[in-house]
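**Q** Listed below are the residues making up each chain.
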Amino acid sequence: MIEVNNIHKSFGESKILKGISASFEKGKTSLIIGQSGSGKTVFLKSLLGLHVPEEGTISFDGRISGQMDVKDKRQLRQDIGMVFQGSALFDSLTVEENVMFPLKMFTDQSFSEMQDRVSAVLNRVNLPDAFKKFPAELSGGMQKRVAIARAIVMNPKYLFCDEPNSGLDPKTAIVIDNLIQEITDEYQIITVINTHDMNSVMEIGEKIIFLQDGLKAWEGTSKEIFKTDNESVVDFVYSSNLFKKVRQAYLNEIN
Amino acid sequence: MNYIEHVGKYFQMLGQVFKRPQKWNVFKDALFREIEDLGLKSVGIVAFIAFFVGGVIAIQTALNLESPIIPKYLIGFATKRAMILEFAPTFASVILAGKVGSFITSSIGTMRVTEQIDALEVMGINSLNYLVLPKIIAAVFFYPLLVALAIFLGIFGGWVAGALTDLFHSVNYIEGIQMDFNPFLLKYAAIKAVVFAFVIATVPSYHGYYVKGGALEVGRASTQAVVWTSVVIILLNYFLTQLLLS
Ligand SMILES: Nc1ncnc2c1ncn2[C@@H]1O[C@H](COP(=O)(O)OP(=O)(O)OP(=O)(O)O)[C@@H](O)[C@H]1O
Ligand SMILES: [Mg+2]
Chain A
1 MIEVNNIHKS
11 FGESKILKGI
21 SASFEKGKTS
31 LIIGQSGSGK
41 TVFLKSLLGL
51 HVPEEGTISF
61 DGRISGQMDV
71 KDKRQLRQDI
81 GMVFQGSALF
91 DSLTVEENVM
101 FPLKMFTDQS
111 FSEMQDRVSA
121 VLNRVNLPDA
131 FKKFPAELSG
141 GMQKRVAIAR
151 AIVMNPKYLF
161 CDEPNSGLDP
171 KTAIVIDNLI
181 QEITDEYQII
191 TVINTHDMNS
201 VMEIGEKIIF
211 LQDGLKAWEG
221 TSKEIFKTDN
231 ESVVDFVYSS
241 NLFKKVRQAY
251 LNEIN
Chain B
1 MNYIEHVGKY
11 FQMLGQVFKR
21 PQKWNVFKDA
31 LFREIEDLGL
41 KSVGIVAFIA
51 FFVGGVIAIQ
61 TALNLESPII
71 PKYLIGFATK
81 RAMILEFAPT
91 FASVILAGKV
101 GSFITSSIGT
111 MRVTEQIDAL
121 EVMGINSLNY
131 LVLPKIIAAV
141 FFYPLLVALA
151 IFLGIFGGWV
161 AGALTDLFHS
171 VNYIEGIQMD
181 FNPFLLKYAA
191 IKAVVFAFVI
201 ATVPSYHGYY
211 VKGGALEVGR
221 ASTQAVVWTS
231 VVIILLNYFL
241 TQLLLS
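Here the protein sequences come in this chain order: A and B.
Residue 86 in my numbering sits at position 86 of the first sequence; the count goes up by one each step and never skips.
Residue 228 in my numbering sits at position 228 of the second sequence; the count goes up by one each step and never skips.
Extracted from the complex, chain A is given alone in its bound form (with noise of 0.2 Å):
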């Protein structure tokens, strides 16, 4: 279990997290909303450790941010995978090359046992015949899959995804969404994502906590999310006409 307790975060003068408490289970997949430029990016960074929060603490299984010895923080760094906004692969590196590195870097693995590990994951992404590729050549939907690799390449127990599917089409979304709750489900790992996606959260949101102006405003399962009467939570999850349209169509059905 990851329990965040109370951060804030500013930058300069302007204040970005306000003190946000959560918690996020394992085995399950959480979803972060909220608009553009609301800190869910930060917020995730925060959890990883990229930012540092000034005041609040966040604990992995019990193990404290803030509070851990360099070995303690090298290992927990090891448990977590992070999938980038913007895949973030390296660029000079092929595809295998990605996906290998975390494995040379950190563990004693044979060249052959790095292969074998990299063909099982690049297998499970859906992505077979990329190896020799550079992350150039690759779309977008298949940078996001590698990236999905490289970050389970280790076995992680906490997996965070910074918007895994924006900038792709509504069928590859799916399937990097059904993906990632399938991975999280089959290893019990704690999984968050940050997302803007509304299929998303109608589709795979055990938990969906809603942030506005550096707070928590709501926060529910994706059943509840049809059902509440949270006026910024409608405004923002049901802006188009379409889903105002759908969760008019459920609430009928419902009643």
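What the hints contain is simulated information worked out from the structure, not anything from laboratory work.
It should be emphasised that the depicted structure is a prediction, and the values quoted were computed from it without experimental measurement.
The beta-carbon is built from N, C-alpha and C at its ideal position, and this holds for glycine as well.
Computed cross-link-like contacts, DSBU-like style, restricted to lysine-lysine with a CA-CA straight-line distance of at most 30 Å:
1) B/Lys9 to A/Lys15
2) B/Lys9 to A/Lys71
3) A/Lys133 to B/Lys41
4) B/Lys23 to B/Lys9
5) A/Lys157 to B/Lys23
6) A/Lys104 to B/Lys41
7) A/Lys73 to A/Lys26
8) B/Lys212 to A/Lys216
9) A/Lys73 to A/Lys18
10) A/Lys18 to A/Lys207
11) A/Lys132 to B/Lys28
Using C-beta positions, here's what the derived DEER-type ranges look like:
12) A/Glu54 to B/Leu149: 51 to 59 Å
13) B/Leu145 to A/Gln35: 55 to 63 Å
14) B/Gly213 to A/Asp108: 33 to 41 Å
Here the structure of chain A is known, so what remains is to put chain B with the ligands in place on it, guided by the hints.
**A** Chain B with the ligands only, in chain A's frame:
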């Protein structure tokens, strides 16, 4: 930020860079890649320029020595001295500051703005150590060789110029090169090469690593890096010359 703060941050950066690499195999791979990118790929341009500059120095010297009482071997001697003292170590470094410096800043800067550096940090990798240390080692070991090559080709270029123009004789030129051999001057050139190599590897890394924004800022940082690397080289050249030769 003012200059003092930048200098402070630069030295702080070096503190992170000079740590033990986390995995020797990975470090070795990175080192070979840097030797190729920063060293081997610069051989052509340095050789080309050194050869022609050597030729020009020889021709200029010959044209300026009209008086019959000045010995002809002075042309070879002057070309040799100019190559060893200034052209090969300093001038070549300024050229490399442009070529290699902009490459380093844009590649590290791109890694910064596309979150590749964050990706390294999340994995628990000391990104400065991983990215910059191999560059420093590659440059510091490879550039003295490059400077030696430039000295050699420059002197050779002078000889070729003589052969092609008939401004001076090969015998006199060779006599001039062999005159007054001073090993200390070679040491001086090597010291300059090592110091400038360090500057060329680190100042552009600094500019790239701390870039904020997007592609435009990376481009701007590259220009800045080339300017500052050149300025630092020229200033250090002045101080080193005063320190070592006077
Ligand atoms: N390193 C930084 N330095 C200064 N300000 C920052 C930094 N990172 C983010 N911010 C600011 O924090 C705010 C939140 O940014 P963030 O990237 O978290 O938004 P987001 O919710 O992820 O948006 P999007 O959905 O567009 O990705 C923005 O106003 C941004 O300008
Ligand atoms: Mg974001």
